[in-house]
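Engineer: Residue strings, one per chain:
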Amino acid sequence: MKELTMTSRRNFLKISGLAGGGLLLGFNLQSCKDESGNLSETEINAFIKIKPDGTVTIMAKNPEIGQGVRTSLPMILAEELDISWKKVTVEPAKLDDRLGSQFAGGSQGVKTNYENLRVAGAAVKSVLVLAAANRWGVKPENCEVKDGVITNDSNTLHYGEVASEAALLELPEKPVLKDPNKFSVIGKSTKDVDLEKIVTGQKLFGLDQSIEGMVYATVVKPEVFGSKVKSIDAEEAKKVAGVLDVFRIEGMENPTQMMDGVAVVATNIWSAFKAKKLVETEWELPSDYKSSASDLHKSLAEGISKKGQILREDGDVEAEFARSGEVIEALYEVPFVSHSQMEPMNFIADVKSDKITLIGPTQTPGGARHYANIITGIDKEKISVEFTRIGGGFGRRLMNDYANEAVYISHKIKKPVKLVWNRENDFLADYYRPAGCYQMKASLNGQEISAFDVKVCTTSRKLYALQTENAHKTEAFPDQEPAGMVPNLRVTYEPILTNVPVGPLRTPGVNATTFAYQCFIDELAEKAKMDPIDFQMNMIGEEDRDLPYDDHGGPSYNTGRLKNVINLVKEKSGWSSPAPSGVYRGFAAQMVFGAYVAQVAEVSVVSGKVKVNKVYCAVDCGRVINPLGANAQVQGGITDALSAALYEEIDMDGGKLIHQNFDRYQKLRMKDSPDVEVFFVESDASPEGLGEPSYPVLFPALCNAVYKATGIRVRSLPLKKHNLV
Amino acid sequence: MANYKLKINNQIREVEVDDDMPLLWVLRDELDLKGTKFGCGIAQCGACTVHLNGSPIRSCSLPVAAVGDGEITTIEGVSANGLHKIQQAWIEENVPQCGYCQSGQIMSAVALVDGNSNPSDEDIDVAMSGNICRCGTYPRIKKAIKNAANL
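Line order of the protein sequences matches chains D and R.
Counted from 1, the first sequence has number 510 at position 510 by this note's numbering; the numbering is strictly sequential.
Take any residue in the second sequence, count from 1 to its spot, add 1000: that is its number in this note's numbering.
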């Protein structure tokens, strides 16, 4: 994909009249430059529409996976446009290159769109004001705007009345942005724009969509990951009424793009599901596969014993270990974890001879189009993608394997098709959170860490996706705290490759390293006979510093902001006073993807089982756009992490996946859901995303509390396998 | 294939389907009532919850032939006019995140508050134990149920 860069406002924003009167703003958030560096053509598209009656329609440009961007991004536009939220209608956009990046992942939605959306809103407002001023023969500086109404002395016009004239004016290159102190939409709790549609069961999701003349399809997936179809006997399956066809789906070379399987096509999905069970498939097993979780454990143990690649080395860890005499060691481990989003994979594809229509839930609609082009050879310009509201993303739908399957099937049968996976497919072809192990070593000098040594071995996502460069990316983080805070530090990485599919899952990699680092630092605090928060504050240091962070959330982070959230959670959780009898607390903190998060978990033990009562969480994510949505993201991230921490892992029997549905793969339910209280640091700093940051910090906060409650250091997840839940 | 006359949301709906087709797919794909969701197909996640004679059931695991003359209520028919107080409470608390599981959550909650005007935390835990929410909206669900019970 070509790099996209911001260019001048002249190319960035376009304005035109709307048929029947009114104004339409189109813009590129990031105008495209072609290979020669020239601007590619910028056309008008409907991004903000102002109708003669003054109503404003704003397109929601990014996929909605429950992170709230269908609400928060339009809020930013409405703010600078100076129109009250109740006058705004939000409509979902389709894939359109002119809208810039349309992507949901990495907690990037608000962060990367904030400034550009402000400029876009302000630019439109300025031409509306200019149009009114021109009509009155006054200076625009002497006009005021309140809620879409422009006034000058006794003159009054609303936006709709001047929209057509404004559409003829040139947009300013540098419109004046609002003083944030005067924000009335940003920072105000705003309900989800789809809320009423959700609670009344309207057709919002991918699975709810249909297209004229479509047939249904599902797939058969192998029980041993990475197997390929050797032969198919579909005789019995084809006897099921309604079944139209059964054939092999040949996976793509890169398994993250499409895996091998068998397609079952039918006139309705139930027939396809029934027939799927009757397909006799002979599978060619991968040359090497993990037979069980203990087999995997062995491979990780072998990996961690290798030399590995040194990613960062400050000072001399070995010399300090030799000098100090005592080296504290601990081995942490995390299992494969499933995305298990509630809406199973599905996609609609209609491949015609000269064009393609795609409809479905994807976090990367551009990726769906890219692969549809590769599979069919049909030009990208002839491929339209409608992306629906998504029943959970969590990184799963960054891969478009299921969309590619729908394209493959429609291309083959020459009919529009709706592909629907059942839940078993979802587990058999998930791209799991990588499993990993973390060898931690440290020495203390009094109450300070004098050397910190981390060796990471994981089932690298990069290797799995056939990329040999930078196998450590999203697996090990050389600049992760306490890097820069201790005199001697070394981070080493050794990847392994297995047949188990791996991919991004909510804070990829960070969700595992934070567990290992922050639990181990808790162990060190105990060794140093210090309160864990005092120990960590001491480690961070008194002086506020910007430390380099060459990864997602970087290029640097501020230790002062990290300390602020620690102090805030300390205060709000009542950390300094003794916990009530039978209640035990654990603490952890971390900069995550640019936001700062500190948590205190409170647990008790009932009949030997851990009960999580409450989690306190302090967050500094810069300016909060929608407090209601932000609170939900943080709360939800913690609850989700608790599910993984308590219950989640997959295992195989003779290589065959055991956990193929929710009867075996346990998820957190209402009774285990704790009270979560969230506190935001008030901040004028640029907003950071919030879909992910609270997630990783829960694991260590919880396990550190469990240690206090039980005396057991949980160094491998989930707690279930330690009989603690 | 057989012909079935089903009582759904106070209407008689006629369908011709295989007798083992789960009610879920009859609702969704034969009658275009897409509010009831498919999650697991084995009655473990609750996304497909509807009411059969007022009690919550998992429509993914109930063959259409077993419905008989039972009265089915789906999210689309949960309130005769306007919104049910549970739906109102859901809006008030801004419960959903991705929203996919919420029809099922609401159907379980409606059955609870229709039969229990003052549910305790334990009542809620039990009534809602069949519904999974991957986004973790449980605290707001609990609050919304309590608010609705007081309406």
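Calculated directly from the structure, the hints in this document are not laboratory data.
Virtual Cβ for every residue (Gly too), placed ideally from N, Cα, C.
Please note: incorrect hints may appear among the correct ones.
Claimed, not checked - With a straight-line Cα cutoff of 27 Å, these simulated DSS-like cross-link-like pairs (lysine-lysine) come out:
id, chain 1, residue 1, chain 2, residue 2
1, R, Lys1007, D, Lys197
2, D, Lys277, D, Lys414
3, R, Lys1143, D, Lys614
4, D, Lys188, D, Lys111
5, D, Lys188, R, Lys1007
Claimed, not checked - Just a few of them, taken from the derived set where beta-carbon distance is under 8 Å, the chain D residues facing chain R:
id, residue
6, Ile65
7, Ser84
8, Trp85
9, Leu195
10, Met342
11, Gly391
12, Gly392
13, Arg423
14, Asn613
15, Lys667
To be verified - Listed next, with one range per pair, are the computed distances between beta-carbon atoms:
id, chain 1, residue 1, chain 2, residue 2, range
16, R, Lys1143, D, Val327, 42 to 52 Å
17, R, Glu1122, D, Ile712, 22 to 32 Å
18, R, Asn1010, D, Lys174, 55 to 65 Å
19, R, Asn1118, D, Val327, 54 to 64 Å
20, R, Gly1082, D, Ser210, 23 to 33 Å
Engineer: Run every hint past the structure and note whether it holds.
Structural biologist: Status of the hints after comparison with the structure:
{"no.": "1", "hint": "Lys1007(R) x Lys197(D)", "result": "24 Å, holds"}
{"no.": "2", "hint": "Lys277(D) x Lys414(D)", "result": "25 Å, holds"}
{"no.": "3", "hint": "Lys1143(R) x Lys614(D)", "result": "15 Å, holds"}
{"no.": "4", "hint": "Lys188(D) x Lys111(D)", "result": "18 Å, holds"}
{"no.": "5", "hint": "Lys188(D) x Lys1007(R)", "result": "45 Å, violated"}
{"no.": "6", "hint": "Ile65", "result": "6 Å, holds"}
{"no.": "7", "hint": "Ser84", "result": "19 Å, violated"}
{"no.": "8", "hint": "Trp85", "result": "14 Å, violated"}
{"no.": "9", "hint": "Leu195", "result": "6 Å, holds"}
{"no.": "10", "hint": "Met342", "result": "4 Å, holds"}
{"no.": "11", "hint": "Gly391", "result": "3 Å, holds"}
{"no.": "12", "hint": "Gly392", "result": "5 Å, holds"}
{"no.": "13", "hint": "Arg423", "result": "4 Å, holds"}
{"no.": "14", "hint": "Asn613", "result": "12 Å, violated"}
{"no.": "15", "hint": "Lys667", "result": "5 Å, holds"}
{"no.": "16", "hint": "Lys1143(R) x Val327(D): 42 to 52 Å", "result": "49 Å, holds"}
{"no.": "17", "hint": "Glu1122(R) x Ile712(D): 22 to 32 Å", "result": "28 Å, holds"}
{"no.": "18", "hint": "Asn1010(R) x Lys174(D): 55 to 65 Å", "result": "60 Å, holds"}
{"no.": "19", "hint": "Asn1118(R) x Val327(D): 54 to 64 Å", "result": "59 Å, holds"}
{"no.": "20", "hint": "Gly1082(R) x Ser210(D): 23 to 33 Å", "result": "28 Å, holds"}
In summary, the numbered hints that this structure violates are 5, 7, 8 and 14.
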